Amino acid sequence: MMNVMRLFGGRSASAPVARERLQILLSHERGRTGTPDLLEMLRSEILGVVSKHIDVDPDKVVVKMDRGKFVSMLEVDIEVPNGVQRSKMVAAT
Amino acid sequence: MAKVLVVTSGKGGVGKTTSTAALGAALAQMGQNVVVIDFDVGLRNLDLVMGAERRVVFDLINVVQGVAKLPQALIRDKRMENLWLLPASQTRDKDALTEEGVKRVIADLKTKFDWILCDSPAGIERGATLAMRYADEAIIVTNPEVSSVRDSDRIIGMLDSKTARAERGERVEKHLLVTRYDAARAARGEMLSINDILEILATPLLGIVPESQDVLRASNVGCPVTLNAASSAPARAYTDAVRRLMGEAVEMTVPVERKGLMDRLLRRRAA
Numbered sequence: 000m001m002n003v004m005r006l007f008g009g010r011s012a013s014a015p016v017a018r019e020r021l022q023i024l025l026s027h028e029r030g031r032t033g034t035p036d037l038l039e040m041l042r043s044e045i046l047g048v049v050s051k052h053i054d055v056d057p058d059k060v061v062v063k064m065d066r067g068k069f070v071s072m073l074e075v076d077i078e079v080p081n082g083v084q085r086s087k088m089v090a091a092t
Numbered sequence: 000m001a002k003v004l005v006v007t008s009g010k011g012g013v014g015k016t017t018s019t020a021a022l023g024a025a026l027a028q029m030g031q032n033v034v035v036i037d038f039d040v041g042l043r044n045l046d047l048v049m050g051a052e053r054r055v056v057f058d059l060i061n062v063v064q065g066v067a068k069l070p071q072a073l074i075r076d077k078r079m080e081n082l083w084l085l086p087a088s089q090t091r092d093k094d095a096l097t098e099e100g101v102k103r104v105i106a107d108l109k110t111k112f113d114w115i116l117c118d119s120p121a122g123i124e125r126g127a128t129l130a131m132r133y134a135d136e137a138i139i140v141t142n143p144e145v146s147s148v149r150d151s152d153r154i155i156g157m158l159d160s161k162t163a164r165a166e167r168g169e170r171v172e173k174h175l176l177v178t179r180y181d182a183a184r185a186a187r188g189e190m191l192s193i194n195d196i197l198e199i200l201a202t203p204l205l206g207i208v209p210e211s212q213d214v215l216r217a218s219n220v221g222c223p224v225t226l227n228a229a230s231s232a233p234a235r236a237y238t239d240a241v242r243r244l245m246g247e248a249v250e251m252t253v254p255v256e257r258k259g260l261m262d263r264l265l266r267r268r269a270a
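Line order of the protein sequences matches chains F and X.
The numbering of the first sequence is numbering that gives the first Met the number 0, which starts it at 0 and goes up by one.
The numbering of the second sequence is numbering that gives the first Met the number 0, which starts it at 0 and goes up by one.
In case anyone wonders, no lab produced these hints; they're calculated from the structure.
Everything hinted at is true.
List time: in silico EDC-like cross-link candidates among lysine to aspartate or glutamate, alpha-carbon distance up to 20 Å:
hint, chain 1, residue 1, chain 2, residue 2
1, F, Lys63, F, Asp76
2, X, Lys161, X, Asp135
3, X, Lys10, F, Glu28
4, F, Lys63, F, Glu78
5, X, Lys2, X, Asp159
6, F, Lys68, X, Glu198
7, X, Lys68, X, Glu99
8, X, Lys102, X, Glu124
9, X, Lys2, X, Glu247
10, X, Lys161, F, Glu28
11, F, Lys68, X, Asp195
12, X, Lys2, X, Asp135
Computed from a predicted model, the values in this text were never measured in an experiment.
Given the sequences, and given the hints that come with them, work out the whole structure.
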């Protein structure tokens with residue numbers, strides 16, 4: 000279909016892309032207004048759990064969300080230095 | 000029974016002020032008593048688009064604060080005696096508008112006019128929420144473009160939750176007005192189509208205003224397009240929209256590209 004349009008139109012139609020992107024985005028945004036930012040909440044809670052056991056630099060924790068039409072991907076990336084020190088909190092207990 | 004209508008969009012530059020002026024003038028042409036209110040405190044422009052910028056003495060905030068009486072602040076249109084403007088303040092802070100004050104002014108206007116059109120500022124802050132606060136109906140102005148459609152979706156959510164009607168468990172009737180629609184680009188698949196927008200926003204369509212030089216020309220001279228070029232395509236679209244607002248069943252036609260042989264030749268040469 001795209002190829003046919005390219006033949007006649009000279010360049011590909013971008014409106015279907017716009018439509019699809021909007022549909023995905025809005026299905027996530029609706030009903031979410033007013034609640035605190037989910038990603039920031041996940042980031043701080045995950046950081047809390049991890050730092051109970053390992054010393055991590057809060058700036059080295061990256062939480063990413065890739066929203067798809069049917070499923071979304073939550074990606075958590077935590078940089079742990081080599082020769083890791085067990086957290087003092089754990090050591091104390 | 001007076002109707003309070005908010006013209007809103009979320010995004011700036013989509014044509015709220017132009018549309019407020021055009022719809023207000025079209026309602027007045029049909030014999031209705033109309034007032035258009037500029038809620039864009041600090042960045043007023045409805046006076047300019049209506050051609051009344053040199054006659055502003057008092058404004059909405061003066062009335063809200065009791066500095067001026069409502070009849071002193073209302074400006075009568077030079078062309079139509081049943082069309083009035085309540086301008087925004089240019090110098091005051093938007094926090095000078097209070098919910099109580101706006102409620103009082105609108106209640107007062109309701110006793111004098113058939114239609115009260117509130118021109119909302121862009122954004123979702125105080126000015127925009129106050130403009131929609133006491134609305135019975137809303138016109139959401141949308142361009143066939145992703146950021147405009149997304150912002151319209153936000154505004155629709157606010158109309159359903161943050162208005163006085165919504166809080167009373169009633170509904171603000173919503174109408175979608177698509178502006179700057181370019182039929183040729185939509186046909187080539189370069190622009191969201193009317194169906195795309197309707198499907199995404201799930202809001203009834205009030206009208207489709209085609210992209211046109213007549214709109215810019217009208218604001219250049221300070222005259223609503225429905226008065227300045229009454230037979231132009233955008234003016235007809237606004238007039239049809241107003242007839243639908245008044246309950247008339249007017250057939251909706253999606254603008255199509257008119258492509259004559261000369262246009263084709265000229266376009267090819269220009270490209």
